[in-house]
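A.B. asks: For this one, chain R is given, so just place chain D on it according to the hints.
Protein chains: 2
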Amino acid sequence: MKASLITIGDELLIGDTVNTNSAWMGRILTHHNIGLYESLTIGDERQVLFDALDRLRKHSDVILITGGLGPTHDDITKPVLTEYTGAKLIEHQPTKDFIVRNFDKRGIPVSPSNLQQAMVPDSCEVLFNTRGTAPGMWFELSDCLVVALPGVPAEMKHLMTEKVIPKLAALNEKVPFYSYRHYFHTAGIGESTLSDMEIGDVSNFLKTGLQLAFLPHTHGVSLRVSSSSDNQEVAREKAKPLITHIRKSAGDHIYSENEKDTLPVCVVRLLTELRKTVAVAESCTGGLLGSMITDVPGSSACFLGGMIAYQNELKTRFLDVPETVLEKFGAVSPEVAMIMAKTVAKKTGASIGVSTTGIAGPGGGTEHKPVGLVYFGYYDGERHFAMKQLFFRERKFNKERTALVALDLVRRVQCGISRLPYDAKPILTK
Amino acid sequence: MKASLITIGDELLIGDTVNTNSAWMGRILTHHNIGLYESLTIGDERQVLFDALDRLRKHSDVILITGGLGPTHDDITKPVLTEYTGAKLIEHQPTKDFIVRNFDKRGIPVSPSNLQQAMVPDSCEVLFNTRGTAPGMWFELSDCLVVALPGVPAEMKHLMTEKVIPKLAALNEKVPFYSYRHYFHTAGIGESTLSDMEIGDVSNFLKTGLQLAFLPHTHGVSLRVSSSSDNQEVAREKAKPLITHIRKSAGDHIYSENEKDTLPVCVVRLLTELRKTVAVAESCTGGLLGSMITDVPGSSACFLGGMIAYQNELKTRFLDVPETVLEKFGAVSPEVAMIMAKTVAKKTGASIGVSTTGIAGPGGGTEHKPVGLVYFGYYDGERHFAMKQLFFRERKFNKERTALVALDLVRRVQCGISRLPYDAKPILTK
Numbered sequence: 238m239k240a241s242l243i244t245i246g247d248e249l250l251i252g253d254t255v256n257t258n259s260a261w262m263g264r265i266l267t268h269h270n271i272g273l274y275e276s277l278t279i280g281d282e283r284q285v286l287f288d289a290l291d292r293l294r295k296h297s298d299v300i301l302i303t304g305g306l307g308p309t310h311d312d313i314t315k316p317v318l319t320e321y322t323g324a325k326l327i328e329h330q331p332t333k334d335f336i337v338r339n340f341d342k343r344g345i346p347v348s349p350s351n352l353q354q355a356m357v358p359d360s361c362e363v364l365f366n367t368r369g370t371a372p373g374m375w376f377e378l379s380d381c382l383v384v385a386l387p388g389v390p391a392e393m394k395h396l397m398t399e400k401v402i403p404k405l406a407a408l409n410e411k412v413p414f415y416s417y418r419h420y421f422h423t424a425g426i427g428e429s430t431l432s433d434m435e436i437g438d439v440s441n442f443l444k445t446g447l448q449l450a451f452l453p454h455t456h457g458v459s460l461r462v463s464s465s466s467d468n469q470e471v472a473r474e475k476a477k478p479l480i481t482h483i484r485k486s487a488g489d490h491i492y493s494e495n496e497k498d499t500l501p502v503c504v505v506r507l508l509t510e511l512r513k514t515v516a517v518a519e520s521c522t523g524g525l526l527g528s529m530i531t532d533v534p535g536s537s538a539c540f541l542g543g544m545i546a547y548q549n550e551l552k553t554r555f556l557d558v559p560e561t562v563l564e565k566f567g568a569v570s571p572e573v574a575m576i577m578a579k580t581v582a583k584k585t586g587a588s589i590g591v592s593t594t595g596i597a598g599p600g601g602g603t604e605h606k607p608v609g610l611v612y613f614g615y616y617d618g619e620r621h622f623a624m625k626q627l628f629f630r631e632r633k634f635n636k637e638r639t640a641l642v643a644l645d646l647v648r649r650v651q652c653g654i655s656r657l658p659y660d661a662k663p664i665l666t667k
Numbered sequence: 238m239k240a241s242l243i244t245i246g247d248e249l250l251i252g253d254t255v256n257t258n259s260a261w262m263g264r265i266l267t268h269h270n271i272g273l274y275e276s277l278t279i280g281d282e283r284q285v286l287f288d289a290l291d292r293l294r295k296h297s298d299v300i301l302i303t304g305g306l307g308p309t310h311d312d313i314t315k316p317v318l319t320e321y322t323g324a325k326l327i328e329h330q331p332t333k334d335f336i337v338r339n340f341d342k343r344g345i346p347v348s349p350s351n352l353q354q355a356m357v358p359d360s361c362e363v364l365f366n367t368r369g370t371a372p373g374m375w376f377e378l379s380d381c382l383v384v385a386l387p388g389v390p391a392e393m394k395h396l397m398t399e400k401v402i403p404k405l406a407a408l409n410e411k412v413p414f415y416s417y418r419h420y421f422h423t424a425g426i427g428e429s430t431l432s433d434m435e436i437g438d439v440s441n442f443l444k445t446g447l448q449l450a451f452l453p454h455t456h457g458v459s460l461r462v463s464s465s466s467d468n469q470e471v472a473r474e475k476a477k478p479l480i481t482h483i484r485k486s487a488g489d490h491i492y493s494e495n496e497k498d499t500l501p502v503c504v505v506r507l508l509t510e511l512r513k514t515v516a517v518a519e520s521c522t523g524g525l526l527g528s529m530i531t532d533v534p535g536s537s538a539c540f541l542g543g544m545i546a547y548q549n550e551l552k553t554r555f556l557d558v559p560e561t562v563l564e565k566f567g568a569v570s571p572e573v574a575m576i577m578a579k580t581v582a583k584k585t586g587a588s589i590g591v592s593t594t595g596i597a598g599p600g601g602g603t604e605h606k607p608v609g610l611v612y613f614g615y616y617d618g619e620r621h622f623a624m625k626q627l628f629f630r631e632r633k634f635n636k637e638r639t640a641l642v643a644l645d646l647v648r649r650v651q652c653g654i655s656r657l658p659y660d661a662k663p664i665l666t667k
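Residue numbers (this note's numbering), protein chains in the order written: chain R, 238 to 667; chain D, 238 to 667.
For the record, the hints were derived by calculation from the structure and aren't laboratory data. Hints may be right or wrong, so weigh each one.
Covered stretches of chain D, going by a simulated chain R footprint (3 or more residues, C-beta under 8 Å) [claimed, not checked]:
#1 257-265
#2 273-281
#3 492-501
#4 597-609
#5 632-639
DSS-like cross-link-like pairs, simulated, lysine-lysine; straight-line CA separation at most 27 Å [to be verified]:
#6 R:Lys606 / D:Lys662
#7 D:Lys583 / R:Lys583
#8 R:Lys633 / D:Lys497
#9 D:Lys333 / D:Lys295
#10 D:Lys400 / R:Lys633
#11 R:Lys667 / R:Lys513
#12 D:Lys333 / R:Lys606
#13 R:Lys633 / D:Lys625
#14 D:Lys625 / D:Lys513
#15 R:Lys633 / D:Lys513
#16 D:Lys342 / D:Lys325
#17 D:Lys444 / D:Lys394
#18 R:Lys497 / D:Lys295
#19 D:Lys342 / R:Lys633
#20 D:Lys583 / D:Lys662
#21 R:Lys633 / D:Lys662
#22 D:Lys342 / R:Lys662
#23 D:Lys633 / R:Lys394
#24 D:Lys662 / R:Lys513
#25 R:Lys295 / D:Lys295
#26 D:Lys342 / R:Lys565
All values derive from a computational prediction rather than experimental measurement. Built from N, CA and C at the ideal position, the CB exists for glycine as well.
Chain R with its partners taken away, still in its complex shape (with noise of 0.2 Å):
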């Protein structure tokens, strides 16, 4: 089955509102074996939805709209569904009392235009909506169904998992077609190098229905591995060798293989698994690491705390880094990074201790010590290094990559992966 999206409303256009329900939508759409293959966003006009419709109905199976079923004038849907499917406005009984009920309950009086919304087009099979005041629409056309539901992202949902998803599985149960589909989240490798020097070339495994994707993000690389058949075993089985392949090839830089996981969730997982404990002695990242970790629910099993040493007098007061080395090797030095990481474990009495030191940017930078130069340091009793790192110019993605870089080191070094992220080498190594 074969679906499009128009979501409505001038804010979305205009980007006072993200939209977040286009990406609900296709997740529970291809969740549920419905391929989205067209979103579209458009203004409160008219003719612009009209259009869309005409386009869209010949493409798409079911064409599923939200927004513009309010009740003020610039609200377009329902008077353009009705006009487009040639219908008239009746009342809608359950729907009239609903509204009535619920004004009186909040002691609030019931104006002309939340009656309005009990109006529908004789044309529809009402979705009763029991979140809000307007109801959801089903049209079915005789080439395409057509859904129109509110755009207020809890009503949308209610209605779409109430009434929507399982009306479409039962359509769609008629047409067998199965997807499958397999994640890798990488960390600590860029997206050109897993592609060519890691995973290499993949075009003997992919066929009809198979499908490799990588989607870089702030986090990583991830590999979606997607195939479909109208037999779930046999979609399933498309998939193996390549999902093979890849855990075979890429093994060191995948962090997890389920769709859901971040990397600092897999830390504090993998940490707990291992009864250890991490502080951090944070610099450039400003507290960030220490805000990762604890992003993540359970936290408090293995995250002790640390210190944030953004002045330098305070990575001497607080972390014991000797003004001389200071002054010798400055406070961007794998010396100090080193110091940092072994001083926050000994006084925090964690296992481990991470630090990062650098220059987020924009300015501090100078040419033997650039903006996006970062020293990392690791302690764990048994290992002490630094490592260093070179990003780019801008201030939030650095800290935002030093974070998640000094996680993936703390990944590697406690699963017993030699190679560090992006392959540098250990620096001082005690």
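C.D. replies: What follows is chain D alone, placed relative to chain R:
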């Protein structure tokens, strides 16, 4: 000037990634008087992009495309645009040099697919990208401009701001239409309270071409006054009475009237101007408060650092919270927050110490101390008090809101505003 937007990527359609590029694009285009009338998301499929180009060029002065410019086989934008414009690929020397230089610097070998990034269709003007390996492309078709940009947000935004917008704005100047926008950013007050209790009914201010929008977001509530006219001065004058009214009625809560400001930026600016320094003692925020401050370039002028005392033992060891106090009042208490704030100021030598201790959730709540309960401590030598807030159930939201309220607390006290965020009362004032 009418624009349409195509965002490309299976990950957007199936909802692996929320499409934030389209909202950002909508904002920047609107800001420059370029109307976005359609925003389309499609997958990595040649024919679909061909069809979209054919259709959109009929209605658009410019088609903006993001995504699909990466080096892997599923990136279709460059091949399709090459074919669509009947061009051939040629090497773009500056991009090639940039790639080689950057990989050299980082000590990573350049792969063939990296070098492929420097190949561009000879039908376009290259928009040189200093943030990544994929250059942007500017095509002038007979009836329409087509601009292709990378999908990575930082790279796309950089190219839009530095290259595309200046070129479009120059073309746009030929059609006189002025819209004037004025923003207010507020913190420490909810949307309905701000609207109903502070600003009140504004219907007598509003008229044709003058609007007021409430834009709630995680950092607070912003207000946008917008007016339009064919004359720049008229548009500006029309908005004045409403702007004056809002400034007067919502004054304490407004931290900036500059569209691009964020609360951390304003707090760093304020403290730097006042020549004050701040240090943080973080429990439930886990480093996020420090991270937010250090997101601001130049924050080293006022931010010294601090302690992340996630584990209770570290509250004693690092922040001198007596074990007896922890036992008697619990870690999440005004007493503990007060000691944390004072100790961190004393130990770092900062003029202001601010602390957070709370229950971020989802677990760990009790009847008396539910999830979302947070105590803040404030110390500046002169003032020393705690403050309570009760947020919601979601961990990351609670952390973010806590860090922002801590910043707003510092802003209010330092600006001499007696009302605390969300009208909280000071506790245990010393």
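A.B. asks: Would you mind marking each hint as holding or not holding in the structure?
C.D. replies: Results for each hint:
Counting residues of the region 257-265 of chain D whose CB lies closer than 8 Å to any CB of chain R gives 8, so the stated coverage by that chain holds, three being the minimum. Here the region 273-281 of chain D counts 9 residues with a CB under 8 Å from a CB of chain R, which clears the bar of 3, and the coverage holds. Residue count for the region 492-501 of chain D with a Cβ under 8 Å from a Cβ of chain R: 0. That is fewer than the three needed, and the coverage hint is violated. With 4 residues having a beta carbon nearer than 8 Å to a beta carbon of chain R, the region 597-609 of chain D meets the requirement of three or more and the stated coverage holds.
Coverage of a stretch by a chain is defined here by at least three residues with a beta carbon nearer than 8 Å to that chain's beta carbons; for the region 632-639 of chain D and chain R the count is 3, and the condition holds. For the proposed pair Lys606 (chain R) and Lys662 (chain D), the alpha carbon gap of about 48 Å is over 27 Å, so the pair is violated. Note on Lys583 (chain D) and Lys583 (chain R): the hinted pairing holds, with a Cα-Cα distance of about 22 Å set against a maximum of 27 Å. Between Lys633 (chain R) and Lys497 (chain D), the direct Cα distance comes to roughly 16 Å. Compliance with the 27 Å bound is thereby established for this hinted pair.
The hinted pair formed by Lys333 (chain D) and Lys295 (chain D) fails the criterion: a straight-line CA distance of about 35 Å is larger than 27 Å. With a C-alpha separation of about 22 Å, the suggested pair Lys400 (chain D) and Lys633 (chain R) falls inside the 27 Å cut-off, and the hint holds. A C-alpha spacing of about 21 Å is found between Lys667 (chain R) and Lys513 (chain R), which places the hinted pair at or below 27 Å, so the restraint holds. Proposed proximity of Lys333 (chain D) and Lys606 (chain R) is supported: the alpha carbons are some 24 Å apart, at most 27 Å.
Between Lys633 (chain R) and Lys625 (chain D) the alpha-carbon distance is near 30 Å, which puts this suggested pair outside the 27 Å criterion. Among the hinted pairs, Lys625 (chain D) with Lys513 (chain D) is consistent with the structure: their alpha-carbon atoms are about 25 Å apart, no more than 27 Å. Using a Cα cut-off of 27 Å, the hinted pair Lys633 (chain R) and Lys513 (chain D) holds, with the two alpha carbons roughly 24 Å apart. Distance hint between Lys342 (chain D) and Lys325 (chain D) is unfulfilled; the C-alpha atoms sit about 31 Å from each other, more than 27 Å.
A C-alpha spacing of about 34 Å is found between Lys444 (chain D) and Lys394 (chain D), which places the hinted pair above 27 Å, so the restraint is violated. Taking the CA atoms of Lys497 (chain R) and Lys295 (chain D), the gap is near 41 Å; set against the 27 Å cutoff, the hint is violated. Between the alpha carbons of Lys342 (chain D) and Lys633 (chain R) the distance comes to roughly 21 Å, so the proposed pair stays at or under 27 Å and holds. Between the alpha carbons of Lys583 (chain D) and Lys662 (chain D) the distance comes to roughly 25 Å, so the proposed pair stays at or under 27 Å and holds.
Note on Lys633 (chain R) and Lys662 (chain D): the hinted pairing is violated, with a Cα-Cα distance of about 34 Å set against a maximum of 27 Å. A hinted pair counts as satisfied when its Cα atoms are at most 27 Å apart, and Lys342 (chain D) with Lys662 (chain R) qualifies at roughly 14 Å. Taking the CA atoms of Lys633 (chain D) and Lys394 (chain R), the gap is near 22 Å; set against the 27 Å cutoff, the hint holds. At roughly 41 Å between alpha-carbon atoms, Lys662 (chain D) and Lys513 (chain R) are farther apart than 27 Å, so this suggested pair is violated.
Of the pairs offered as hints, the one joining Lys295 (chain R) and Lys295 (chain D) holds, with about 19 Å between alpha carbons and a cut-off of 27 Å not exceeded. Annotation: proposed proximity of Lys342 (chain D) to Lys565 (chain R) holds, straight-line Cα distance about 24 Å (limit 27 Å).
In the structure shown, a violation is registered for the earlier hints numbered 3, 6, 9, 13, 16, 17, 18, 21 and 24, in ascending order.
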